[in-house]
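Colleague: Given the structure of chain A, go ahead and fit chain B onto it with the hints provided.
Chains A and B supply the protein sequences, listed in that same order. Here the first sequence is numbered in the numbering used here, starting from 1 and rising by one per residue. Here the second sequence is numbered in the numbering used here, starting from 1001 and rising by one per residue.
In short, the hints are calculated from the structure, not lab data. It cannot be assumed that every hint is accurate.
[Said to hold, decoys possible] To give a feel for the contact side, a few chain A residues facing chain B, derived at Cβ under 8 Å:
1. SER61
2. LYS113
3. HIS148
4. ALA200
5. ARG201
6. ILE202
7. HIS203
8. ASP232
9. HIS269
10. ASP281
[To be verified] Beta-carbon label-pair distances, calculated as ranges:
11. B:GLY1076 to A:ASP86: 21 to 31 Å
12. A:SER314 to B:PRO1078: 29 to 39 Å
13. B:PRO1260 to A:HIS148: 13 to 23 Å
14. A:LYS249 to B:GLN1327: 45 to 55 Å
15. B:PRO1424 to A:LEU55: 50 to 60 Å
16. A:SER89 to B:ASP1431: 47 to 57 Å
17. B:PRO1091 to A:ASP100: 20 to 30 Å
18. A:ASP244 to B:ASP1382: 46 to 56 Å
19. B:ASP1121 to A:ASP244: 43 to 53 Å
20. A:LYS12 to B:GLY1076: 25 to 35 Å
21. A:HIS148 to B:LYS1378: 31 to 41 Å
22. B:PRO1078 to A:LYS50: 17 to 27 Å
23. A:LEU55 to B:SER1257: 56 to 66 Å
24. A:SER218 to B:THR1079: 44 to 54 Å
[Unchecked claim] Heads up, incomplete: computed chain A residues facing chain B, CB under 8 Å, no partners named:
25. TYR62
26. ASN150
27. ILE205
28. HIS233
29. LEU234
30. HIS305
Here a beta-carbon is modelled for each residue, glycine too, at the ideal position from N, C-alpha and C.
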Amino acid sequence: MPSDPFKFKQTKEISRKDILLSVAREPESNRLFVGSSDSNVYLIDPAAEKAEPILLDGHSSYVTGIAVAGGFVVSGAYDGKLIWRDRKSLKTERVHKAHDKWIRAVEASPDGKYIASVADDMVCRVWDVASGKMKHELRGHESMTPSHFNSMLYACAFSNDGAHLATGDKVGHIVVWDMSSGKPVKTIESPGMYTWDPRARIHSIGGIRSLAFSPDNSVLAVGGMGKVGNIDHLEGKARLELFDWRAAKSIKVVECDKIKGLITRLAFHPKGDWLVGAGGDSKGGLVFFDAAGTKTLREESVPMHVHKFTATDSMDRLYLAGHNKLSIWELSV
Amino acid sequence: MKAKNNFCGSIEHGITRRAFFSRVGVGSALLGSSGAVHTFAEEGLTQALKASGKRVILLWLAGGASQMETWDPKPGRPTGGPFAAIPTSVPGVHICELMPEMAKRMKDLTIIRSLNSRNADHGGGAVLMMRGRQDEPTVKYPDLGAILAKEHGRADSKVPDYISLYTAGEGRDFSRVSSGFLGARFNPMKLAENMTPPNMKRLDSISDVDHHARADLQEMLNRQFITGRELPATKSHANAYARVHGLMSSEQLFDISKEPENVKKMYGPTLFGQQALMARRMVEAGVPFVRVARAWWDSHGQNFETHQEMVPELDRVMAALMDDLKQRGMQNDVLVVVMGEFGRTPTINSSLGRDHFGSAWSVAMFGGKLKRGVVYGKTDKDGKEVAENQVGAGHVFATILEAAGIPHDKEYHVGARPIPLVNPGIKPIKDILA
Chain A
1 MPSDPFKFKQ
11 TKEISRKDIL
21 LSVAREPESN
31 RLFVGSSDSN
41 VYLIDPAAEK
51 AEPILLDGHS
61 SYVTGIAVAG
71 GFVVSGAYDG
81 KLIWRDRKSL
91 KTERVHKAHD
101 KWIRAVEASP
111 DGKYIASVAD
121 DMVCRVWDVA
131 SGKMKHELRG
141 HESMTPSHFN
151 SMLYACAFSN
161 DGAHLATGDK
171 VGHIVVWDMS
181 SGKPVKTIES
191 PGMYTWDPRA
201 RIHSIGGIRS
211 LAFSPDNSVL
221 AVGGMGKVGN
231 IDHLEGKARL
241 ELFDWRAAKS
251 IKVVECDKIK
261 GLITRLAFHP
271 KGDWLVGAGG
281 DSKGGLVFFD
291 AAGTKTLREE
301 SVPMHVHKFT
311 ATDSMDRLYL
321 AGHNKLSIWE
331 LSV
Chain B
1001 MKAKNNFCGS
1011 IEHGITRRAF
1021 FSRVGVGSAL
1031 LGSSGAVHTF
1041 AEEGLTQALK
1051 ASGKRVILLW
1061 LAGGASQMET
1071 WDPKPGRPTG
1081 GPFAAIPTSV
1091 PGVHICELMP
1101 EMAKRMKDLT
1111 IIRSLNSRNA
1121 DHGGGAVLMM
1131 RGRQDEPTVK
1141 YPDLGAILAK
1151 EHGRADSKVP
1161 DYISLYTAGE
1171 GRDFSRVSSG
1181 FLGARFNPMK
1191 LAENMTPPNM
1201 KRLDSISDVD
1211 HHARADLQEM
1221 LNRQFITGRE
1231 LPATKSHANA
1241 YARVHGLMSS
1251 EQLFDISKEP
1261 ENVKKMYGPT
1271 LFGQQALMAR
1281 RMVEAGVPFV
1291 RVARAWWDSH
1301 GQNFETHQEM
1311 VPELDRVMAA
1321 LMDDLKQRGM
1331 QNDVLVVVMG
1341 EFGRTPTINS
1351 SLGRDHFGSA
1361 WSVAMFGGKL
1371 KRGVVYGKTD
1381 KDGKEVAENQ
1391 VGAGHVFATI
1401 LEAAGIPHDK
1411 EYHVGARPIP
1421 LVNPGIKPIK
1431 DILA
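Just chain A, with the same shape it has in the complex (with noise of 0.2 Å):
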């Protein structure tokens, strides 16, 4: 029986001072390795009656990147610097400065064995968890808007079967490069989630800012925002859109009713019942999509802005992490 997204409810909230850029589960524990905006990733039991953080230093900026790979947990900044730590001892093993601008999101490959990293260089660099060496170095996105203003590279996501990596920018461009050669193999356009403003405010706002592989690969989700009047505020429909990556082919586009702003984290139900997004404007959003990703099929208002979420292997627990809170999300039997 397929899981119902309307029996998620949220169980604890853990309220916090700083703001919580991203989250990794441990597998074990199902402790939570989060990174803030006070520059440290931070080691919580959200189990726990008082959970009592453990501080992992060694960032000089927002931690906006954690991969538990392996026997690391590997987290990237916007120092720029990748920082790996046992697992189990929590020491200190490696120590990268991976890219020259801000690192917008590190993600591990399904096997464990990878992690890409992402940033404001516009480079994805793919690295051996194990060695620390650079596998590869995936050169595909443009440093400049069209405009002349510098570009970001937001997202990055592994497929199920870890034989492709899907890049995505400020601009709506997607690469999905082979993880076998490094090469790209397809590149993708989802200019809706980029606005750019050239005679009122004369900047920009948007970009894709989640990616995720459908449990078959077939299908690469975009998450975002679509077009914004007033780019002062994120006010713009949260958006998805879905595309048959291999044909290069949009197959749908779907924008919240409830839920403005950007999606900031994408995930597939690990047995395709379902799609679910989370991220926000001022205020927070959880969005169920049916399998298809064609509709809706719940929004819901969270206790805050979420910049990642994490979720146990089946999917029954969602972990948010934002601006000020972490928020457990159970799927009630």
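Modeller: For chain B alone, coordinates are given in the frame of chain A:
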């Protein structure tokens, strides 16, 4: 020879703008053939221009840029945001990492970090910063541009004395540029839709010869008419015609296409860069005040993305202006002021934005009669309050006047009532004046 129609009557001001333009060729379109307004034929003329009143370029950061992401970074603090602070050419002074070019040039820059303008409203803040005070019910004060136009403009000017470029649609009405009680003569020429004034070109159906013949006829008739009728209205009428003809003949001042490629490259490809280059051409030609508005900085959502996009452009444009003015020997004659209507909150909101904030923000300036490499004032560790040397909008206004060669304590008159340029008791910031 003592020139007519100038304010101080000094011998240094003895070259009229009409004479200047006729000699550098604006009126006869020689400007276009040289491709640059800085091609002064005679050293004496250059010196005379330099000795004339200072000129001001105001880079107006409409919507309110963040002091944290520009001049007053607070790295490592909860309010500080994600950007690092970088050292500058002045030991001990750090600015935001988004401004590496200005960091190199800090020794020529002046920063005020302790401005409490007490107004965080777009319209109110814009009026306050442009006029140094709020209007009274019965008195509308002139703004910076109007005062510069009156003090350093020339009655027989062929080019405008006050130009305001505000191309973006957002916030254009908030800024309310105004000559106040000085009257329409000192209102700005507003360029909003294009970089050149509308309807400036001679109609194709009228030949150049006919155009000048008509002007000569108009002038002759006008002279005959005003003989024995020296009324303000008749003078104004004649002046208006003269200025229209002057404008039409100075069309190429608005054309940056003939600037050398290396100069255009310095300013960059964006509209703001192009308008800043045009502003340099204007002040070089003697326009006393040019405002270039760069809108729109109102980053309630995604403040860091917005500043990552816009601050590097500001950094490049400011550096280009500074270098360009210096290369032309104009760094002491032109004051460049960089400010908006307010700053942005230290508190980071839930959209990773910053909101309006007038309590502790920054203004940057260079050139004119300023000391170089100076940082004045200080905010607290989180940037929430001014910690040292608090100043208000009036103090900044008075300082700009002094740095532009205008005594802040000068008085105008509305009828019999004396109106000082700044409110009583308001002084310039002497520590940053040379």
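Colleague: Check each numbered hint from earlier against the structure, then list the numbers of those it violates in ascending order.
Modeller: Checked against the structure, the hints that fail are numbers 2, 9, while the rest are satisfied.
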